[in-house]
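Protein chains: 2
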Amino acid sequence: MKKINIGIIGFGTVGTGTVKILLNQRDLIKKRTGLDLVLKKVADRDLERPRDISLPKELLTKDAWEIIKDPEIDVVVELVGGTTIAKEFILEALRNGKHVVTANKALLAEHGNEIFKEALQRGLKIGFEASVGGGIPIIKVIKEGLVANKMLAIYGIINGTTNFILTKMTYEGIDFQDALREAQTLGYAEADPTLDIEGIDSAHKITILASLAYGIPFSFNSVYCEGITKITAQDIAFAKEFGYKIKLLAITKILDGEIELRVHPTMVPEHYLISKVDGVFNAIYVEGDCVGSTLYYGRGAGSMPTGSAVVADIVDIAKGINTMPVDFSEKYTIKPMQEIESMYYFRFNALDRPGVLSKISGVFGEHNISIASVIQKGRSKAGAVPLVILTHKAKEKDVLRALEEIDKLPVVSDKSVFIRVEGEES
Amino acid sequence: MKKINIGIIGFGTVGTGTVKILLNQRDLIKKRTGLDLVLKKVADRDLERPRDISLPKELLTKDAWEIIKDPEIDVVVELVGGTTIAKEFILEALRNGKHVVTANKALLAEHGNEIFKEALQRGLKIGFEASVGGGIPIIKVIKEGLVANKMLAIYGIINGTTNFILTKMTYEGIDFQDALREAQTLGYAEADPTLDIEGIDSAHKITILASLAYGIPFSFNSVYCEGITKITAQDIAFAKEFGYKIKLLAITKILDGEIELRVHPTMVPEHYLISKVDGVFNAIYVEGDCVGSTLYYGRGAGSMPTGSAVVADIVDIAKGINTMPVDFSEKYTIKPMQEIESMYYFRFNALDRPGVLSKISGVFGEHNISIASVIQKGRSKAGAVPLVILTHKAKEKDVLRALEEIDKLPVVSDKSVFIRVEGEES
Numbered sequence: 001m002k003k004i005n006i007g008i009i010g011f012g013t014v015g016t017g018t019v020k021i022l023l024n025q026r027d028l029i030k031k032r033t034g035l036d037l038v039l040k041k042v043a044d045r046d047l048e049r050p051r052d053i054s055l056p057k058e059l060l061t062k063d064a065w066e067i068i069k070d071p072e073i074d075v076v077v078e079l080v081g082g083t084t085i086a087k088e089f090i091l092e093a094l095r096n097g098k099h100v101v102t103a104n105k106a107l108l109a110e111h112g113n114e115i116f117k118e119a120l121q122r123g124l125k126i127g128f129e130a131s132v133g134g135g136i137p138i139i140k141v142i143k144e145g146l147v148a149n150k151m152l153a154i155y156g157i158i159n160g161t162t163n164f165i166l167t168k169m170t171y172e173g174i175d176f177q178d179a180l181r182e183a184q185t186l187g188y189a190e191a192d193p194t195l196d197i198e199g200i201d202s203a204h205k206i207t208i209l210a211s212l213a214y215g216i217p218f219s220f221n222s223v224y225c226e227g228i229t230k231i232t233a234q235d236i237a238f239a240k241e242f243g244y245k246i247k248l249l250a251i252t253k254i255l256d257g258e259i260e261l262r263v264h265p266t267m268v269p270e271h272y273l274i275s276k277v278d279g280v281f282n283a284i285y286v287e288g289d290c291v292g293s294t295l296y297y298g299r300g301a302g303s304m305p306t307g308s309a310v311v312a313d314i315v316d317i318a319k320g321i322n323t324m325p326v327d328f329s330e331k332y333t334i335k336p337m338q339e340i341e342s343m344y345y346f347r348f349n350a351l352d353r354p355g356v357l358s359k360i361s362g363v364f365g366e367h368n369i370s371i372a373s374v375i376q377k378g379r380s381k382a383g384a385v386p387l388v389i390l391t392h393k394a395k396e397k398d399v400l401r402a403l404e405e406i407d408k409l410p411v412v413s414d415k416s417v418f419i420r421v422e423g424e425e426s
Numbered sequence: 001m002k003k004i005n006i007g008i009i010g011f012g013t014v015g016t017g018t019v020k021i022l023l024n025q026r027d028l029i030k031k032r033t034g035l036d037l038v039l040k041k042v043a044d045r046d047l048e049r050p051r052d053i054s055l056p057k058e059l060l061t062k063d064a065w066e067i068i069k070d071p072e073i074d075v076v077v078e079l080v081g082g083t084t085i086a087k088e089f090i091l092e093a094l095r096n097g098k099h100v101v102t103a104n105k106a107l108l109a110e111h112g113n114e115i116f117k118e119a120l121q122r123g124l125k126i127g128f129e130a131s132v133g134g135g136i137p138i139i140k141v142i143k144e145g146l147v148a149n150k151m152l153a154i155y156g157i158i159n160g161t162t163n164f165i166l167t168k169m170t171y172e173g174i175d176f177q178d179a180l181r182e183a184q185t186l187g188y189a190e191a192d193p194t195l196d197i198e199g200i201d202s203a204h205k206i207t208i209l210a211s212l213a214y215g216i217p218f219s220f221n222s223v224y225c226e227g228i229t230k231i232t233a234q235d236i237a238f239a240k241e242f243g244y245k246i247k248l249l250a251i252t253k254i255l256d257g258e259i260e261l262r263v264h265p266t267m268v269p270e271h272y273l274i275s276k277v278d279g280v281f282n283a284i285y286v287e288g289d290c291v292g293s294t295l296y297y298g299r300g301a302g303s304m305p306t307g308s309a310v311v312a313d314i315v316d317i318a319k320g321i322n323t324m325p326v327d328f329s330e331k332y333t334i335k336p337m338q339e340i341e342s343m344y345y346f347r348f349n350a351l352d353r354p355g356v357l358s359k360i361s362g363v364f365g366e367h368n369i370s371i372a373s374v375i376q377k378g379r380s381k382a383g384a385v386p387l388v389i390l391t392h393k394a395k396e397k398d399v400l401r402a403l404e405e406i407d408k409l410p411v412v413s414d415k416s417v418f419i420r421v422e423g424e425e426s
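Chains E and V are the protein sequences, given in the same order. According to full-length UniProt numbering, the first sequence holds residues 1 to 426 in order. According to full-length UniProt numbering, the second sequence holds residues 1 to 426 in order.
Treat the hints with care, since some could be wrong.
In silico DSSO-like pairs for lysine-lysine, Cα to Cα no more than 27 angstroms straight-line [what the hints assert, rightly or not]: (1) E:LYS143 to V:LYS319; (2) V:LYS319 to E:LYS2; (3) E:LYS253 to V:LYS30; (4) E:LYS20 to V:LYS143; (5) V:LYS40 to E:LYS31; (6) V:LYS319 to E:LYS319; (7) V:LYS359 to E:LYS143; (8) E:LYS40 to V:LYS143; (9) E:LYS276 to V:LYS253.
A short list of chain E residues far from chain V (calculated; beta carbon distances all over 12 angstroms) [stated by the list, open to error]: (10) GLY17; (11) ASP46; (12) GLU48; (13) LEU60; (14) PRO71; (15) THR83; (16) THR84; (17) ALA106; (18) THR232; (19) GLN234; (20) MET337; (21) ILE371; (22) ALA394; (23) GLU404; (24) LEU409.
Rather than coming from a laboratory, the hints here were simulated on the basis of the structure. Backbone N, C-alpha and C fix where the C-beta goes; we use that ideal spot for every residue, glycine too.
One chain only, chain E, in its complex shape (with noise of 0.2 angstroms):
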């Protein structure tokens, strides 16, 4: 039977999860391909915190190095994270002759064109189907599964943290800051939450999912990042009332030849299935030229989830499959933010006048922005009250100039607020 020697740099969360799962697991592994998954070594600096698994001293190290430089291990799994330290444990191991399995997404989306050129010179293996998804074999699916297809679309929720945010926001009603620190207290979302509530993490994902489904480089600085920290229980309200949900979308399409990468808050149709992934699941939606539209679900994130991911690469580059697409080389033009086209909701606070929607409609039109329907609530002679405007398709850079004459008006107070909208046009 073949053995594979595998060497974990890593031993927190989604490392205890893989050494579980390669520790449990082994016999039907086994049974199920062939072949035996030999834990040989895992490296972490603190080997001394609690874990709810132990190890034999002599599969213990404090030292990566140990793992990179032992002529025995065949695959080298990278768990530390970052794309500082990390990326230098991933290059000297692929120098070393060893294929790689990460589940580092910011560390490929920022520095993957230099990795992956590294491992296919030498005709190694990076497995990296952990890095966007958690469990959802969403890289497998897009590389072989629908291998068929053209890809034609990609919308995902593929950061946990902020639809569990997003999710209460919605079911009960809270603003942002509530959520976010009910997330925090649940271990969903970190004393520092920058990276999931900005929108990195998911820009980080949709980075490689674009990358796969078009054959291009990783283009992260390419990618237009917003995140939720201005969506409010407001908004999230009007969008209920218009019959749609706000969800964090990373989208990734092309059209004529040219490429959308974008990370924003979105209203998506209730009836739409993507609109019920709830709490800390993710999904991807991917459309396919053949296939037409397809889904994929499940948790995006923890220990065996992720694990799961990790040790199904770990087989597939023994199996000897490919697991690298021939080159990430595609030419290829993002498509500038401003010349997306899109459906919009915004919010206005308004003074409660006579002609305000006048006025207001007639900048949109002065832009050729078309409106689609109006909520306007409440009275109050004094302050200002919220509209609510929908509009069909219209391009973000008129979007923009619009906005800009409109929060100029004296009949408008505070900054005004729009998200993008998809579904179909009414």
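Please build the complex by placing chain V on the supplied structure of chain E, with the hints as guidance.
Just chain V now, with coordinates in the frame of chain E:
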């Protein structure tokens, strides 16, 4: 560049899709995989039938054996369907050293053991992604993506025809016969719809998924199979009152080493993602011990989606991926249907007299069936009114015995109806 010569037997719906994809996406697949998929020959008894693609004459033949015997052909794609001549084609192709790709769920479910034995002995591969879930890469997901998981349960909506009919009945309140007629008009149901509406097609497919999930021989004859012909608009309306939808689910799960294998109409909590899968779409919920809950959604049939799966199989075979599990020889026990436990929905046609509920619930009590909720509607001095009961978990055999007694009660007219219920116990 590695060339793979392909022969297709069966130029019908799926055959046409496969041919189109092989021709249109040839360059795309070359770029992605480094493989040149060459369509060498297409066989069909009827070459005159109008198709929306025309092939050069030299690619066409009426004689399937020409493909099977052609020494240059590497992969034979069987798309004729049925369990007679298709079986001979596949076995003879294997004997001639060819890999096989098939969409034929009936054949695999009923004769898969013989076919896989032949392939295994000869070290040949059988791709069958297209046999379940159309374009959804569910076979690959279970076999490779979730390879590190013990499979706990699979719940599938894997027949588009019945899901279309139930969706129509649910949203339009129409009866089964009317919905079936509409499905036939739209081409979603065949003139003889038996295989679909009696659940047999779903039983074929769950047989295949169970073999993959548990490594067991194909066990079609052990599948409990009940179709949707007895579902009424009334039951769908009552289900809605309790917060459920009625779906035809194909279920396989393992409990204490015993495998359940069954297809029947099932009440599913409305808020479950799978209960939102409407129309001809399919979805498969897969629960693994590491990954937890996952779901895969897409078109379960059709020319291009199914062709997408066929071509993905050809690519996997060409890449040398082991598309076949080591074997399907795990020892196993299928739990007899009478031994399963479930929650249940009952509808009785009961005379509207005092004491009826007490009589019925008395029989339930004697058979260890505990009632969760009751709906009794309408008043009718002369006739019968529907009495609807939802139970906690009970054993199927106790339910059948209780029903036998209840149906004999003079206060109960007509045969009683029961539907199994999934979800958390209330």
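Hints and how they fare:
| no. | hint | result |
| --- | --- | --- |
| 1 | E:LYS143 to V:LYS319 | 13 angstroms, holds |
| 2 | V:LYS319 to E:LYS2 | 19 angstroms, holds |
| 3 | E:LYS253 to V:LYS30 | 22 angstroms, holds |
| 4 | E:LYS20 to V:LYS143 | 20 angstroms, holds |
| 5 | V:LYS40 to E:LYS31 | 37 angstroms, violated |
| 6 | V:LYS319 to E:LYS319 | 11 angstroms, holds |
| 7 | V:LYS359 to E:LYS143 | 60 angstroms, violated |
| 8 | E:LYS40 to V:LYS143 | 25 angstroms, holds |
| 9 | E:LYS276 to V:LYS253 | 25 angstroms, holds |
| 10 | GLY17 | 7 angstroms, violated |
| 11 | ASP46 | 25 angstroms, holds |
| 12 | GLU48 | 26 angstroms, holds |
| 13 | LEU60 | 22 angstroms, holds |
| 14 | PRO71 | 26 angstroms, holds |
| 15 | THR83 | 27 angstroms, holds |
| 16 | THR84 | 29 angstroms, holds |
| 17 | ALA106 | 23 angstroms, holds |
| 18 | THR232 | 25 angstroms, holds |
| 19 | GLN234 | 25 angstroms, holds |
| 20 | MET337 | 28 angstroms, holds |
| 21 | ILE371 | 30 angstroms, holds |
| 22 | ALA394 | 30 angstroms, holds |
| 23 | GLU404 | 40 angstroms, holds |
| 24 | LEU409 | 42 angstroms, holds |
The structure does not agree with the numbered hints 5, 7 and 10 stated previously, though it agrees with the rest.
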